[in-house]
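Spelled out, the chains give:
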Amino acid sequence: MAVVTPSQVSRKVHKPQRVGATYYAFLLPVLVLFSLAITLPAIMGIFYSFTNSVGFGDYYFIGVINYIALFSDPTILGAYGFTIGFSLVTVAVVNVAAFLLAIGLTSRIRGKVALRALYVLPMVVSGIVIAYVFNFLFSNSLPELASALGIAPLEKSLLANPDLAWVAIVIVTAWQAIPSTILIYIAGILAIPSDVYEAAALDGASGARQLWSITVPLTAGYILINVIIGFKNFLNSYDIIVGLTNGGPGTSTTSIAMSIFNGFTNGDYSYQMANATIFFFIAIAIALLQLRVTRGKASV
Amino acid sequence: MTSQISLAPPSTGGERTPVNGDSAHPRARTRGERFNWPVTIALLVCTLAVLIPLYVTLTMAFKTTAQAVDGNAFSLPAPFSVDGFVQAWTLTDFPRSFAISIGVSVISVVGTIILSAFAAFAISRNWNRRFFRWSFYYLLAAIFLPFPVLALSQVKLTGLLHLDNPIGVAILHITFQLGFSVLLFTAFLRSIPEELEESARLDGASTAQVFWQLIFPLLAPMSATVGIFAFLASWNDFVMPSLITSNPALQTLPVLQQIFQTQFSNNYNVSFASYLMAMAPAIIVYLFTQRWVMSGVTQGAIK
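Protein sequence lines, in the order shown, are assigned to chains A and B. For what it's worth, the working numbering labels the leading residue of the first sequence as 1, then goes sequentially. For what it's worth, the working numbering labels the leading residue of the second sequence as 301, then goes sequentially.
Bound conformation, chain A alone (with noise of 0.2 Å):
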């Protein structure tokens, strides 16, 4: 179908253009596959979020009793208290980290190319995985690294200690998330203009006075990018969690994506829906402030 002869090429030329069929033919197949997978579950679980269902049989609709026992439901509360306290502190550490490394990565070292390659590479590590390997090391070697050195409050397991179980999360997940911030930097800092440090270093401005006065302020747009992917990314931290502390001990770090996907295995389901459609008008407000911020800098 929709074989376009070289007669038709001239139809550029007349003001009604007609669109070659093969085109919808080859956009057809994502909107379909996207509005299934992805458009229906959101739908459904707006609309499960009203009821009383279990996730299978009869139900009801109960209106917002769902939304209302949400927010005076401690461990829900507790889920969102913990999953945004974490967030915010995962974006500081991952963001001051990458920063400086990423100066330190365009700036005159040898072997800057195996460097960044090194420092790139836990991004492809499986964040279950890595969770699993630092498990053991909280677990097992820093403590015994603890008591040999007599540092008293670290001789017990990271992971059992309810108030510091989510250092472990923060440090893991800062570790798996810190080369694609970094990335990010780099091509931020390598946009500055060589013109404006010679121009500065002419005017005798120290290294430091150059970072604080030139590279954070004319990275600004990439700094924000970073924030917001990042706490984007964090508010959603599931795999890393399980690995780690499985959301204990007890619920102290139960993230908000671990008490959703509870909601099948406790029965829950239409209640977590009620959860999963707060959480994505979260992600909406997001999403609309991360639009705003990249459309103010498209045109770099």
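Do not rely on the hints blindly, as some may be mistaken.
Here are the simulated DMTMM-like pairs of lysine to aspartate or glutamate, each with C-alpha atoms no more than 25 Å apart in a straight line [what the hints assert, rightly or not]:
#1 A:K112 - A:E198
#2 A:K156 - B:D370
#3 B:K456 - A:D268
#4 B:K456 - A:D58
#5 A:K156 - A:E144
For the record, the hints were derived by calculation from the structure and aren't laboratory data.
With chain A's structure known, arrange chain B on it following the hints.
The following block gives chain B in isolation, referenced to the frame of chain A:
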């Protein structure tokens, strides 16, 4: 909304201090051949953070069970033993789970490249039409929708359609890659001059022929980036297979690590051998494709 971020250079007032050699001068080229050694050394020291977990994985995997339980993660294997691999291989039925992981990844990579190249071609060549433009934004929404929001409904749907298996996982992997991939392809296609296609059409080629014979080969570098990201996302994914695939015997490698966690118990050499076999393929792919991985991250975030 164009005024959020000013990229104009700020005034750089002058403290009259001499320019210091170890400045954070980012635009360093090798002119002058003077390397910044303090920064190089600091960066080398920091690589320990990357290397230690990988070193521990490697050495633990080659220890005997007796040596692995002594808790000293940093010692070298003595004696050197492949016992962990032998046990992990049979315990997790590695050949089968490896084949399933590869199968899911291959379907995901091929499906992502073809479907998103199709869509991006149609969209970029009909950008002046509302239907195609809106389709683009519609697909882009997937970048922003987190999986947890959709998970329970997707589990329900895949169950109904008898796709609660690796095929269903691969299909979902494709859909979650579509937004990012269509974005990359569309940006790239806009840079290909349409005159090329015009001349092919004058020679009588159909739209499909133009795509397969002209456009798709030109897309090769972008297909590499898209394909590598689809592979890494699919190979390393834990959440989707763990929720979607109902039969534990059909699970991918990352999920198996969780399923066998209790059975590994204190046989750390077995568990680390298993971890190593699960992470090695992605690391090997990365070693050969670093260039695409690095450029893909930047393009995906900034375009």
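Restraint status (C-alpha distance of K156 of chain A to E144 of chain A at most 25 Å): OK: K156 of chain A and E144 of chain A at ~9 Å, within 25 Å.
Distance restraint between K112 of chain A and E198 of chain A, which requires alpha-carbon spacing of 25 Å or less: holds (22 Å)
Hint consistency between K456 of chain B and D58 of chain A [alpha-carbon to alpha-carbon, up to 25 Å]: holds (15 Å)
Restraint check for K156 of chain A with D370 of chain B, where alpha carbons must lie at most 25 Å apart: holds (16 Å)
K456 of chain B paired with D268 of chain A [C-alpha distance capped at 25 Å]: It holds: about 14 Å lies between the C-alpha atoms, which stays within 25 Å.
Every hint, counting from the list given before, is met by this structure.
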